[in-house]
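J.: Chains E and Y supply the protein sequences, listed in that same order. Residue 49 in the numbering used here sits at position 50 of the first sequence, and the numbers go up by one each step. Residue 231 in the numbering used here sits at position 232 of the second sequence, and the numbers go up by one each step.
Be aware that a few hints might be false.
If chains are identical, the list can't say which one is meant, so a pair holds when it fits in one copy or spans any two.
Below are the EDC-like pairs computed for lysine to aspartate or glutamate, each with C-alpha atoms no more than 16 Å apart in a straight line [stated by the list, open to error]: (1) K66 with D82; (2) K66 with E123; (3) K59 with E81; (4) K16 with E37; (5) K66 with D85.
FYI, nobody ran anything at the bench for these hints, they're computed from the structure.
Protein chains: 2
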Amino acid sequence: MAVSSARGMRDFPPRDKQRREQLLGIIRETYARHGFEEIETPAIEDLERLHSGLGGDNEKLSFAILKRGLSAEDLRHAGAPEDLADLGLRFDLTVPLARFYASNHAVLPPVFRAFHTGPVWRAERPQKGRYRQFVQCDIDILGEASPLAEVEVILATADALHRLGVTGYTFRVNDRRLLTAFLSAAGIAPEFHGDALITLDKLDKIGSEGVLTELVERLPAGFDRGVLAAVLSGESIALDPAAISQVMGGSPEAVAAARELCDWAMVVAEVLGPEILVVDPTLVRGMGYYTSSIVEIAHPDMGISLGGGGRYDGMIGRFLGTDVP
Amino acid sequence: MAVSSARGMRDFPPRDKQRREQLLGIIRETYARHGFEEIETPAIEDLERLHSGLGGDNEKLSFAILKRGLSAEDLRHAGAPEDLADLGLRFDLTVPLARFYASNHAVLPPVFRAFHTGPVWRAERPQKGRYRQFVQCDIDILGEASPLAEVEVILATADALHRLGVTGYTFRVNDRRLLTAFLSAAGIAPEFHGDALITLDKLDKIGSEGVLTELVERLPAGFDRGVLAAVLSGESIALDPAAISQVMGGSPEAVAAARELCDWAMVVAEVLGPEILVVDPTLVRGMGYYTSSIVEIAHPDMGISLGGGGRYDGMIGRFLGTDVP
Chain E
0 MAVSSARGMR DFPPRDKQRR EQLLGIIRET YARHGFEEIE TPAIEDLERL
50 HSGLGGDNEK LSFAILKRGL SAEDLRHAGA PEDLADLGLR FDLTVPLARF
100 YASNHAVLPP VFRAFHTGPV WRAERPQKGR YRQFVQCDID ILGEASPLAE
150 VEVILATADA LHRLGVTGYT FRVNDRRLLT AFLSAAGIAP EFHGDALITL
200 DKLDKIGSEG VLTELVERLP AGFDRGVLAA VLSGESIALD PAAISQVMGG
250 SPEAVAAARE LCDWAMVVAE VLGPEILVVD PTLVRGMGYY TSSIVEIAHP
300 DMGISLGGGG RYDGMIGRFL GTDVP
Chain Y
0 MAVSSARGMR DFPPRDKQRR EQLLGIIRET YARHGFEEIE TPAIEDLERL
50 HSGLGGDNEK LSFAILKRGL SAEDLRHAGA PEDLADLGLR FDLTVPLARF
100 YASNHAVLPP VFRAFHTGPV WRAERPQKGR YRQFVQCDID ILGEASPLAE
150 VEVILATADA LHRLGVTGYT FRVNDRRLLT AFLSAAGIAP EFHGDALITL
200 DKLDKIGSEG VLTELVERLP AGFDRGVLAA VLSGESIALD PAAISQVMGG
250 SPEAVAAARE LCDWAMVVAE VLGPEILVVD PTLVRGMGYY TSSIVEIAHP
300 DMGISLGGGG RYDGMIGRFL GTDVP
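Please construct the entire structure, taking both the sequences and the accompanying hints into account.
T.: Okay, here's the thing in structure tokens:
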């Protein structure tokens, strides 16, 4: 029998484990200082909840747990593998947090600053830097509708990164409503926005030419390549509502969203310095639960983002979530 | 959709989580002081390994993870549920530790003091005080054949309990070889020892009369009820090789095992005081991997044990493991 850990998962011998606990200790202390309170949720959630549409593409990656006590008869009558599973391993901490908040809000303060850490599991092909079990550290503010939430979460994250000794990163920021606005301005009907965003999200991999080519393939003809080309140009945009809304198509919706984005981003830029914020009109961050602000932490030395999040004002309240490494 | 956590699992709101982390911090610090080094292993192991016979009855309680990408065809051809699963959630930390050691021993010291903490999962009916996900904190000494291992693990555990503010508990100690010796002395053939120990393990629930009745039902006639009655009497035995081996049937094997048990137990009693150690000839601790010493931490206020362990000198080395709350 093989003695290595299961495929795509890691052991941590003492030296690595000690380092891991030290870093987690720094993160825990920093977030506590910023008023975030730690919670814990179980690793297992009902599969129905994990597949409820809150998790975007990651839902497909959930490990499903076989029902107990199944008979040969049950197997024969199962139409699909999902019929045989009732529980699953969480693929992120956001779905469990939403469930936690709904379940426990009576004992929580009206504006609740949550710090949530723990392993998550994704049934994806293991590759360099990506594991099938890894730890997420999330902070979220629940019950805060104002852009104060964005500012607080980003400043606390920057403080944690500073104490961890991470330098040279940038916060790439965008707003889901700006994405919608520029797609509409380019003449793409709302029912094709989902397809268009999936393609746009591949910009890193296939480049702007590749994105345009794929959009032509996937979308009905007649959209305006000019608006798309401006967004895809990769030129940075100043943190200025007029400049942003112009690139994003100039519609009233774009103007309103650009103003809201600049409202909180300018406060962050004032505290942390303007060079740490990059308005990235191509930032998509999956197709999941985000409703307005989205943020991703990028580092020039790393092929993957250090974390990210966004505002997800959903059924159970208003949220903003950020993962840090 | 229900918003409570999955059946048999718990959320920890901030106050509970903070208390949990404080306690874990105390345990971590205590074990570090005793030279134990912390490791981490993944929550998921290959199912084949979890079902390899190392885990005793707990193997049956492992949550099995559905293979990915199964077709309707695969379901029809599966003879049993296990054919559809390739991974499982660990039901304890001992099997993962054994796998970890086998995989990583080249980078570990010859005598390795391991501290291993993390969630484990058991697919059992949830009931008061028992959850389907709970945290274990194990310390183990690997590569130490002498009874020094028993002494060190118990003293470190007692120190941790002391720092956690736990008082009034006892270490109940026994040796698997004493169990075998008294069953043989009672005229029970080795092939029935497994059955007899499963029955003996129910002493807490069904009492000594119940155990004797069940033994009569399960075993071939002709065994000596006198030897069994002496063991089942519930009278405490002095920490003295002669007294122990006499109750346990008096065979040369009983004498040797009693002497080895007293060797290390007397050192512990000298340090911690004699009243903390109780020789319990009926202690079985499952049917799993233990080969000699077994220990359980009992508290008069609690219906379940606070933890336990034993020596399991198996294929990959010599081990002694103890869980503490």
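J.: Work down the list of hints and note, for each, if the structure agrees.
T.: Consistency of the hints with the structure:
| no. | hint | in the structure |
| --- | --- | --- |
| 1 | K66 with D82 | both (9 Å within a copy, 13 Å between copies) |
| 2 | K66 with E123 | between (22 Å within a copy, 12 Å between copies) |
| 3 | K59 with E81 | within (12 Å within a copy, 22 Å between copies) |
| 4 | K16 with E37 | between (21 Å within a copy, 6 Å between copies) |
| 5 | K66 with D85 | both (6 Å within a copy, 14 Å between copies) |
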